[in-house]
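Visitor: The primary structure of each chain is shown beneath.
Protein chains: 2
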Amino acid sequence: MRYRVAVTTIRDLARLADVSVATVSRVFNNPEVVSQETREHVLRVAARVGYQPNESARTLATKKSYMIGLIWDTDHRRPGWRHPFLQEILIGLKTALSERGYHLLLLATSEREDSDKDVYLRAVKRHNLDGVVFIDNGTRDPALDVLAASGVPCVSLDRPVSGPRTTYVTSDNVGGARSAVARLHARGCRTIATITGPVRTRPGAERLDGYRAELAALDLPYRPELVVEGDFYLAGGYAGMRRLLDLPHRPDGVFVAGDEMAVGALRAITEAGLAVPEDVALIGFDDIELAALVPPGITTIAQDKAGFGTAAATALVEMIDSAEDEAPPPTVLPTTVVLRGTA
Amino acid sequence: MRYRVAVTTIRDLARLADVSVATVSRVFNNPEVVSQETREHVLRVAARVGYQPNESARTLATKKSYMIGLIWDTDHRRPGWRHPFLQEILIGLKTALSERGYHLLLLATSEREDSDKDVYLRAVKRHNLDGVVFIDNGTRDPALDVLAASGVPCVSLDRPVSGPRTTYVTSDNVGGARSAVARLHARGCRTIATITGPVRTRPGAERLDGYRAELAALDLPYRPELVVEGDFYLAGGYAGMRRLLDLPHRPDGVFVAGDEMAVGALRAITEAGLAVPEDVALIGFDDIELAALVPPGITTIAQDKAGFGTAAATALVEMIDSAEDEAPPPTVLPTTVVLRGTA
DNA sequence: CTGAAAGCGCTTACAG
DNA sequence: CTGAAAGCGCTTACAG
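Protein chains in written order, with UniProt numbering: chain X, 1 to 343; chain R, 1 to 343.
No wet-lab data here; the hints were simulated from the structure.
Each residue gets a CB set at the ideal place from its N, CA and C atoms; glycine is no exception.
Careful: at least some of the hints might be erroneous.
To be verified - Far from chain X by the CB rule (all over 10 Å, computed), these chain R residues: (1) D18; (2) R39; (3) G50; (4) A57; (5) N128; (6) S179; (7) A182; (8) T270; (9) L290; (10) P295.
Said to hold, decoys possible - Listed next, the in silico SDA-like pairs over lysine to any residue satisfying Cα-Cα at most 25 Å (straight line): (11) K63(X) - V7(R); (12) K64(R) - N54(X); (13) K63(X) - N29(R); (14) K64(X) - T95(X); (15) K64(R) - P53(X); (16) K64(X) - V7(R); (17) K117(R) - T95(X).
Stated by the list, open to error - Ranges of calculated distance between the beta carbons of each label pair, as one might list FRET restraints: (18) D321(X) - A272(R): 57 to 67 Å; (19) R100(X) - P160(R): 28 to 38 Å; (20) A292(R) - R190(X): 57 to 67 Å; (21) E278(X) - L247(R): 32 to 42 Å; (22) D279(R) - E278(X): 19 to 29 Å; (23) D145(X) - R48(R): 15 to 25 Å; (24) P31(X) - D209(R): 53 to 63 Å.
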């Protein structure tokens, strides 16, 4: 006993209610199978003594823990990595999962070696996790593929993975990027540049695709010098914008593939003595809190942040509850354009 | 069997290694008690078959789960509540806890009723949690007091709680506020105002205390009209600053008790056509990411964000490992002043 | 509708 | 140093 709280076991409760432990168990797991009278009686006694089934014992017996592992690699290979809206995702996940009776276990896997191909799978087995959600950190992690291949229900955020019971949720990056370019064009921009995310990341690559697609749709030429690769951070946006401003024929509109980079880009423009949006219009991506706070407000493509959590929870529970080895199709969340001061 | 992964039990391993299950168990929990030869042999076989002890069974047998509950009430009574640096705290906690062998379980307690005085305690019992960390959300939650009183090891962030095995970690809010006022004074400000946090919150009240203390130390009069209460959000900072600017004798320096409010205050000053820091100097609190990003950069009192996680983990594990009913003293993290453009 | 019993995968006195 | 056995708190066929 580690704390002073009296802990009532199913055996205690059975004795107090004068029934067998099997009956008590049924009252909680299969209520329809026990007579109304005994059921109510047991429930009453249970409430009086504050009975709580021990989840470890339950998990041991059923192989189901009602716990979902959250893989969110905070310091492996990329110490400074920050998710643009982790808090929103966590809230969405936690809420949606708890409505379905699941808890979230933050898997601490920081001190592992690179060669360790099944850290995650091991953790899943050890803790009898029912499923896993994986938050992409932009690095290729072989341990994730091992997990996905294992048949453990698994949903990934912003990073396609394949496996018998694996799916992912992502924003409509292509569509979002297209509407950004379209908006820039509609307000008169004719030389539209982009500062991309790292193109090895999925969102980075897709937003660039969208940029090109919309250019084509608008009959605007694609000019490689108008495309500079950023890093999703402020510094990359700043540096990227500097390069664009140095061009002999500078752009009058820029689609910046992330809001934090957009803040950097904005700063570069201002420092160059140019006006936003008059000289250069700017549209970001994400709609992080910061976007609304930086004057004059960054026009941006908003992602459905809470939607990530809800969609992930739904897909996960669907796979967990299904006997089949089949995964729901990827969820693609729509984006919306939020007009503010920069475009 | 919920997934296709072969799961080796201690029994399987014992058979394969040709020893008893007791010996296998000892190899993992009490290695020094088994002969080197058998130990190495068992370890070798274990590695070959990828043996993983089942944590649920282990918890059932030992009453120790190596899981810490995280109480972070996201939507109870205050839907829009956001922590200024939750992500940093989570990273710090997760890292420090994992070094000590613990995992973090996000307790989902959203759909409870107000009258439910022991949601947390129940969750702790159900899941055999070894301890709990509680992130303050500014509301008084009776369920927390019940938990603290129960004897479950418990550390609270930024909110004093008392109980046999309870402590808390907080920043030196008084000291931080004092150094802010001192800095303002040092750069020449003589009419120093403050925009406080909600004074019913601990950090709000303490930072106001610090403001008053430093005023007194500097022999500056305390003038109630120079104190306006904010809400820790941008809007409160903006509104508070508007009121201060309307004063017949407006302040030349303002200590704003949170960075997000400081951004709002900065905006109000700019809109009024005044210059920062020339007309009004500004110092915030927290050092959130935003503070560095908003031109000209907000001078602020930085909190040791990672320190919260580390200190909480240390205190928690200390209480868990101790047989006594005694809690380590509260941790008060030092603050540092970060000079940027506003003061 | 209900109970007795086996089993989930571990740990830990108790003997030897 | 090692093994046989009881026990942790549940669930779930199997009988009745």
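Visitor: All hints are to be evaluated individually against the structure, with a verdict given for each.
Guide: Okay, the hints, checked on the actual structure:
1. A cut-off of 10 Å between C-beta atoms confirms that D18(R) is not in contact with chain X; the least separation is 24 Å.
2. With 10 Å as the threshold on Cβ separation, the claim that R39(R) sits away from chain X holds: the shortest Cβ distance comes to roughly 21 Å.
3. Its beta-carbon lying about 8 Å from the closest one in chain X, G50(R) breaks the requirement of being farther than 10 Å from that chain.
4. The beta carbon of A57(R) sits about 5 Å from the closest Cβ of chain X, which is not more than 10 Å, so the claim that it is off the interface is violated.
5. The claim that N128(R) is not at the interface with chain X is violated, since a C-beta of that chain comes within 10 Å of its own (minimum 5 Å).
6. For S179(R), the requirement that its beta carbon stay farther than 10 Å from each beta carbon of chain X is met, with the minimum near 25 Å.
7. At the 10 Å boundary, the C-beta of A182(R) stays outside the reach of chain X, the nearest C-beta of that chain being 28 Å off.
8. For T270(R), the shortest C-beta to C-beta distance to chain X comes to about 8 Å, within the 10 Å cut-off, and the non-interface label is violated.
9. Not every CB of chain X is more than 10 Å from the CB of L290(R) (nearest about 6 Å), against its label as outside the interface.
10. With a cut of 10 Å on Cβ distances, P295(R) falls inside the contact zone with chain X, its closest approach being about 7 Å.
11. With a C-alpha separation of about 12 Å, the suggested pair K63(X) and V7(R) falls inside the 25 Å cut-off, and the hint holds.
12. With a CA separation close to 12 Å, the supplied pair K64(R) and N54(X) stays within the 25 Å bound.
13. A C-alpha spacing of about 23 Å is found between K63(X) and N29(R), which places the hinted pair at or below 25 Å, so the restraint holds.
14. Note on K64(X) and T95(X): the hinted pairing holds, with a Cα-Cα distance of about 20 Å set against a maximum of 25 Å.
15. A distance of roughly 16 Å separates the Cα atoms of K64(R) and P53(X); the hinted pair therefore holds under the 25 Å criterion.
16. Restraint check for K64(X) and V7(R): the C-alpha separation of about 14 Å stays at or below 25 Å, so the hint holds.
17. For the proposed pair K117(R) and T95(X), the alpha carbon gap of about 20 Å is at most 25 Å, so the pair holds.
18. Our hint of 57 to 67 Å for D321(X) and A272(R) holds, since their Cβ atoms are close to 59 Å apart.
19. The hinted range of 28 to 38 Å is satisfied by R100(X) and P160(R), whose Cβ atoms lie roughly 35 Å apart.
20. For A292(R) and R190(X), the hinted distance range of 57 to 67 Å is not satisfied, since their beta carbons lie about 35 Å from each other.
21. Separated by about 36 Å at the C-beta atoms, E278(X) and L247(R) satisfy the suggested range of 32 to 42 Å.
22. Separated by about 27 Å at the C-beta atoms, D279(R) and E278(X) satisfy the suggested range of 19 to 29 Å.
23. Evaluation of the 15 to 25 Å hint for D145(X) and R48(R) yields a pass: the beta carbon distance comes to about 23 Å.
24. Range check, P31(X) to D209(R): Cβ separation about 55 Å, and the 53 to 63 Å hint holds.
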